[in-house]
Amino acid sequence: MLLEAQKIRADFPILKRQIGGKPLVYLDNAASSQKPQSVLLTMNAFYQVSYANIHRGVYTIAEEATELYEKARETVANFLNTKTHREIIFTRGTTEAINLVRFSWGRKNVQSGDEILLTEMEHHSNLVPWQLLAQEKGAKLKFIPFDSQGKLVLDQLDSLLTDKTKLVAMNFVSNTFGTINPVEKVIAKAHAKGIPVLLDAAQAVPHLTVDVQKLDCDFLAFSSHKMLGPTGIGVLYAKEKILEAMDPFLGGGEMIKEVHWDHSTWNDLPGKFEAGTQSIAEAVGLKAAIDYLKTIGLEKIHDHEQALARYTMEQFSEMKELTFYGPPPKDRCGLVAFNLQGIHPHDVAAVLDRSGICVRAGHHCTQPLHRKLGLEASVRASYYLYNTKEEVDLLIDALKETTRFFKK
Amino acid sequence: MDTLYREEILEHYKYPRNKGTLEKPDITYKDFNPLCGDECQIDLHVKDNRVDEVKFMAKGCAISQAATSMLTEMIEGKSLEEIKQLSKKDILDVLGIELGPVRLKCALLCLKVLKGGIYGIKEWPT
Ligand SMILES: Cc1ncc(COP(=O)(O)O)c(C=O)c1O
Numbered sequence: 001m002l003l004e005a006q007k008i009r010a011d012f013p014i015l016k017r018q019i020g021g022k023p024l025v026y027l028d029n030a031a032s033s034q035k036p037q038s039v040l041l042t043m044n045a046f047y048q049v050s051y052a053n054i055h056r057g058v059y060t061i062a063e064e065a066t067e068l069y070e071k072a073r074e075t076v077a078n079f080l081n082t083k084t085h086r087e088i089i090f091t092r093g094t095t096e097a098i099n100l101v102r103f104s105w106g107r108k109n110v111q112s113g114d115e116i117l118l119t120e121m122e123h124h125s126n127l128v129p130w131q132l133l134a135q136e137k138g139a140k141l142k143f144i145p146f147d148s149q150g151k152l153v154l155d156q157l158d159s160l161l162t163d164k165t166k167l168v169a170m171n172f173v174s175n176t177f178g179t180i181n182p183v184e185k186v187i188a189k190a191h192a193k194g195i196p197v198l199l200d201a202a203q204a205v206p207h208l209t210v211d212v213q214k215l216d217c218d219f220l221a222f223s224s225h226k227m228l229g230p231t232g233i234g235v236l237y238a239k240e241k242i243l244e245a246m247d248p249f250l251g252g253g254e255m256i257k258e259v260h261w262d263h264s265t266w267n268d269l270p271g272k273f274e275a276g277t278q279s280i281a282e283a284v285g286l287k288a289a290i291d292y293l294k295t296i297g298l299e300k301i302h303d304h305e306q307a308l309a310r311y312t313m314e315q316f317s318e319m320k321e322l323t324f325y326g327p328p329p330k331d332r333c334g335l336v337a338f339n340l341q342g343i344h345p346h347d348v349a350a351v352l353d354r355s356g357i358c359v360r361a362g363h364h365c366t367q368p369l370h371r372k373l374g375l376e377a378s379v380r381a382s383y384y385l386y387n388t389k390e391e392v393d394l395l396i397d398a399l400k401e402t403t404r405f406f407k408k
Numbered sequence: 409m410d411t412l413y414r415e416e417i418l419e420h421y422k423y424p425r426n427k428g429t430l431e432k433p434d435i436t437y438k439d440f441n442p443l444c445g446d447e448c449q450i451d452l453h454v455k456d457n458r459v460d461e462v463k464f465m466a467k468g469c470a471i472s473q474a475a476t477s478m479l480t481e482m483i484e485g486k487s488l489e490e491i492k493q494l495s496k497k498d499i500l501d502v503l504g505i506e507l508g509p510v511r512l513k514c515a516l517l518c519l520k521v522l523k524g525g526i527y528g529i530k531e532w533p534t
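Protein chains in written order, with our numbering: chain A, 1 to 408; chain B, 409 to 534.
Hints are computed from structural coordinates only; laboratory data are not their basis.
Just so it is clear, the structure is predicted and the values come from calculations on it, not from any experiment.
The beta-carbon is built from N, C-alpha and C at its ideal position, and this holds for glycine as well.
The reader is advised that the hints may include incorrect statements.
Below, a sample of chain B positions facing chain A; criterion: calculated Cβ distance under 10 Å [what the hints assert, rightly or not]:
# : residue
1 : 416
2 : 468
3 : 514
From the derived model, a few chain B residues whose C-beta atoms are all more than 12 Å from chain A [stated by the list, open to error]:
# : residue
4 : 453
5 : 457
6 : 490
7 : 495
8 : 508
9 : 528
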């Protein structure tokens, strides 16, 4: 079922833009999403009416700003169905959230000889932090493999989860295959052995209903900019008990309770992990983005994107010079990675740009995944609620044109 | 499209000059463009301080392949001192197109590799 795209499109000012006389066709939503008017106006109004630093001043606008910032936290908490809003830590994004866990939890809980279990389809931001921790501690990384459809192979999971496994860190939705991974199964198996699970939900929270209590994940990270919100803010969710036991991340203002010359005590949650002046207007913008997503409904958004992915894959199957990757439409979110035979992804993307079409070309921060497929790079079209079937048709036409141009 | 891919660029892309490796290169150097994962290796035989023979291996888009192919043609017989003087402009001039900041790196990786190999220069050519 497709959404009423024209009505939605009217809410996004940038979609009126033309590129070289052609309408902008924005198909790079997995990299970052565009912003609705409501987010832009809300942030603007915040700066014009209530802006001040938070948690400090006792004057009116400082109190208003604090209230709006904390309201944003509550909105995120409700959106994810957390037990309490103290489990929501604002970070700069997914990458920072994962690194926070690496430093504040990992350093304390991972020792020499221990293992961290990842999957073969992690984004670099859920791989490199663990490589760094493993190097520091003398720990070892292990990987759940994927199959030819870009789905995780869980047959060996029991033997991959050992007495030494201290953490499972995995993506919820793959940014390259689009696969919606069976995270519940992995969480259940890991928890049966007392192992906590971190979900990189950067590609999940913008497109699926995510309920952290139902999932029972221990950590979950995502970025605002991929879900209609501003850059510079993201979220780490973690269970309260775990956060309480973790060491602070950055030291500085706001994260302390009492400071002496030689030692300090830590603020209560969530302040303990939010040192320094935060991205205040960005939090307010994120709230507006969530409000917008809720008025449309995540289920409807997911159906819409999946329908576009299905249509794309149908069209792709008829193009013999095109190879695409990942699972059948029913197992994925709205993105499709592909290659045109004999044409480098950069050239594909550069030619598509001539038609105003924005796609990603490169390794999408999943170099080991591409290497396993024997590829250097791929092209990726990724959809969101404002994309239309007509835009997919424009993509298909432009791809056919690209093949003709390079084959002539 | 022809402002992006001139005929000559496509020609070098399809039929690259000096592609391959050298048996016992005097200089061999490889580098990457971390942005897109492109890679480029250049092998040189040097005689009397001049480039006697050059071969390259590169993975990347048409712009990067063509630029590398054109660069190898350009430097055959040139002295190492002359190569040190080559700049971004020399590459853009032979390509004959304008490039934005991202694709500029596709075009300049070859020169970066060349100067990295001969002089250990690590910066992007300017
Ligand atoms: C699956 C996944 N994880 C992590 C990230 C990193 O997000 P950010 O750059 O916002 O920290 C991304 C986005 O590129 C992603 O797709």
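Hints versus structure:
1. Hint status for residue 416/B: violated, given a least beta-carbon distance of 15 Å to chain A, over 10 Å.
2. This hint holds: residue 468/B has a C-beta 6 Å from the nearest C-beta of chain A, less than the 10 Å allowed.
3. Checking residue 514/B against chain A: minimum C-beta separation of about 6 Å stays under 10 Å; hint holds.
4. The beta carbon of residue 453/B sits about 28 Å from the closest Cβ of chain A, which is more than 12 Å, so the claim that it is off the interface holds.
5. Remark: the non-interface label on residue 457/B is consistent with the geometry, its nearest Cβ contact in chain A lying 35 Å away (cut-off 12 Å).
6. Distance to chain A confirms residue 490/B as a non-interface residue, since its nearest Cβ pair spans about 30 Å, more than 12 Å.
7. Even its closest Cβ contact with chain A, about 23 Å, leaves residue 495/B beyond 12 Å, as expected for a residue assigned away from the interface.
8. The non-interface label for residue 508/B is inconsistent with chain A: the shortest C-beta to C-beta separation is roughly 10 Å, within 12 Å.
9. No beta-carbon of chain A comes within 12 Å of the beta-carbon of residue 528/B; the shortest separation is about 26 Å.
Of the numbered hints given earlier, the model fails hints 1 and 8; all others are met.
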